[in-house]
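Visitor: What follows is each chain in one-letter form.
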Amino acid sequence: MGESLADVTLRLLEGFGVNCVIFAVTLLCSLPLGLGVAFCSMSRFRPVRYISKTFVWIIRGTPLILQIIVIYYVGGLVFGLPPIERLDAVLIAFTINYAAYFSEIYRGGIESISKGQYEAGQVLGMTRPQIFFRVILLQVVKRIVPPMSNEIITLVKDTALARIIANKEILMVAQEYISTKVLIWPLFYSGLFFLVFCGGLTLLFGAAERRLSYFRA
Amino acid sequence: MPILEVKNIHKSFGGVEVLKGVGFSLERGRSLALIGSSGSGKTTLLRCLNFLEKPDAGAISVNGELLFDAADAGTHTESGVRKKRLHFGLVFQNFNLFPQYTALGNVTLARELLARDEDGFKTDKAQAIGRIRDEAEEILARVGLADKMGSYPHELSGGQQQRVAIARALALKPDILCFDEPTSALDPELSGEVLAAIRGLAERDTTMVIATHEMGFAREVSSHIIFLADGVVLEEGAPDRVLTNPQTERLRSFLGAVL
Ligand SMILES: Nc1ncnc2c1ncn2[C@@H]1O[C@H](COP(=O)(O)OP(=O)(O)OP(=O)(O)O)[C@@H](O)[C@H]1O
Ligand SMILES: [Mg+2]
Chain A
620 MGESLADVTL RLLEGFGVNC VIFAVTLLCS LPLGLGVAFC SMSRFRPVRY
670 ISKTFVWIIR GTPLILQIIV IYYVGGLVFG LPPIERLDAV LIAFTINYAA
720 YFSEIYRGGI ESISKGQYEA GQVLGMTRPQ IFFRVILLQV VKRIVPPMSN
770 EIITLVKDTA LARIIANKEI LMVAQEYIST KVLIWPLFYS GLFFLVFCGG
820 LTLLFGAAER RLSYFRA
Chain B
12 MPILEVKNIH KSFGGVEVLK GVGFSLERGR SLALIGSSGS GKTTLLRCLN
62 FLEKPDAGAI SVNGELLFDA ADAGTHTESG VRKKRLHFGL VFQNFNLFPQ
112 YTALGNVTLA RELLARDEDG FKTDKAQAIG RIRDEAEEIL ARVGLADKMG
162 SYPHELSGGQ QQRVAIARAL ALKPDILCFD EPTSALDPEL SGEVLAAIRG
212 LAERDTTMVI ATHEMGFARE VSSHIIFLAD GVVLEEGAPD RVLTNPQTER
262 LRSFLGAVL
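Chains as they are written, first to last, in my numbering: chain A, 620 to 836; chain B, 12 to 270.
Keep in mind the hints are simulated off the structure, nothing from the lab.
If you're wondering where the values come from, they're calculated on a predicted model, not measured in any experiment.
In this text, a Cβ means the ideal position worked out from N, Cα and C, and glycines have one as well.
One should not assume that every hint holds.
[What the hints assert, rightly or not] One-sided and incomplete, this derived list gives chain B residues near chain A with beta-carbon spacing under 8 Å: (1) PHE35; (2) ASN74; (3) LEU101; (4) LEU183.
Let the hints inform the model, and build the full structure from the sequences given.
Guide: Shown next, in the form of structure tokens:
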């Protein structure tokens with residue numbers, strides 16, 4: 620071995636820190652943003668609905684890599700703005716991209732709740748917000764946990780795309796061992812980080828599903 | 012003075028006029044049965060009473076108070092409508108219980124939310140909630156569900172779910188309780204328990220409007236029957252008269268088909 624296991628672990632961990640930051644910031648921003656987009660997609664105002672649906676179509680219809688590259692270069696090359704941080708470009712692209720995906724999950728969840736649930740609340744004199752927060756929301760949450768967990772696990776692995784504009788995330792670090800030290804094992808080792816992380820998430824989502832299993836919706 | 016007065020209700024859906032001037036009145040403590048073939052507008056009429064549909068024309072008064080007048084936009088405001096709805100209760104054909112609440116939770120939820128707006132709720136919250144809970148338990152016991160208070164809807168049979176729905180509507184003490192074919196989503200052996208619960212309400216002089224396909228039940232529980240056809244009240248009267256001595260060919264053939 621040209622490198623000690625401890626050394627490689629430390630360097631990979633450093634890289635994985637970047638992946639974790641992208642993961643956390645993307646989730647934190649795109650979960651609420653996606654809900655906003657979902658409400659726009661369901662708006663009674665046709666223009667709002669169309670704009671929102673077009674946005675979702677474009678974001679879901681083009682590669683995330685392309686979006687990262689565009690956001691990184693477009694400010695400088697097209698508008699003559701000062702260059703933006705590599706990590707910031709990734710965070711923006713990921714947030715927008717995942718907000719679009721999440722919005723469709725939210726929309727599906729909200730639209731799947733029967734009209735009768737709203738009407739039952741109305742007939743009982745509840746206000747719109749009361750109906751949403753006391754009756755609809757938890758049913759939506761229960762329904763979207765499985766598709767959300769799927770999407771969030773995809774996000775973990777997508778964070779590796781950050782390297783396309785030279786963010787030093789874990790895969791980039793691992794790949795450097797190939798070119799500089801002719802070592803392949805750090806690459807496999809980096810896969811282990813993802814496996815463990817996704818394993819943890821799977822357990823977490825399983826627990827969430829069990830927590831919500833006391834009712835059927 | 013009648014507790015409920017409905018005048019000249021018109022309602023169209025996309026150019027098709029379903030109700031073409033329906034009117035009736037109802038005395039306190041009486042029950043009205045609404046009969047008519049599928050598509051005759053029974054559900055639509057009940058939904059109009061509960062402000063789930065907005066009539067194109069007509070007026071609805073309760074206790075002499077004009078709640079809705081199609082010609083008076085002042086009676087259509089959202090916050091006003093929410094309050095006026097409380098004069099009515101509606102039991103749906105397919106229950107529409109809230110799945111994440113227990114039977115008891117279903118009954119207390121709306122009552123608790125309303126209590127928040129009442130004076131003195133903040134000062135004596137625990138007591139107010141306790142009172143609501145006691146009342147809810149009493150109502151659930153009255154519909155025969157004393158031992159199911161803690162069950163979630165999916166743990167209950169259809170008949171039990173419908174009885175929870177009745178209790179939920181009763182908890183708000185509506186002036187008029189409406190039923191939209193309360194047993195037609197149930198197996199015959201389960202509909203008996205729901206009908207018994209409604210019969211119990213009739214004995215306690217609950218004012219009710221009941222859309223139903225069960226003529227035997229309509230006759231037994233109602234004091235007045237309305238036959239809807241072609242968007243109007245084609246025939247009405249005392250149950251015995253309407254059911255045994257129909258005046259129109261339409262009602263005769265309808266009764267022939269359902270009896
Ligand atoms: N929201 C709506 N949009 C369009 N048409 C509707 C709507 N609601 C009801 N209708 C139509 O109005 C007519 C009356 O329907 P309604 O449900 O009131 O009849 P009903 O007497 O309750 O029938 P059933 O015995 O089958 O329950 C039907 O032709 C129905 O298709
Ligand atoms: Mg109907």
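Visitor: Verify the interface restraint on B:LEU101: the C-beta must sit less than 8 Å from at least one C-beta of chain A.
Guide: holds, 5 Å
Visitor: Per the CB criterion, is B:LEU183 less than 8 Å away from chain A?
Guide: holds, 6 Å
Visitor: Regarding the hint that B:PHE35 lies at the interface with chain A, is the smallest CB-CB distance below 8 Å?
Guide: It is violated, given that the least Cβ distance between B:PHE35 and chain A is near 20 Å, above 8 Å.
Visitor: Are B:ASN74 and chain A close enough, Cβ to Cβ, to be under 8 Å, as the hint says?
Guide: violated, 17 Å
Of the numbered hints given earlier, the model fails hints 1 and 2; all others are met.
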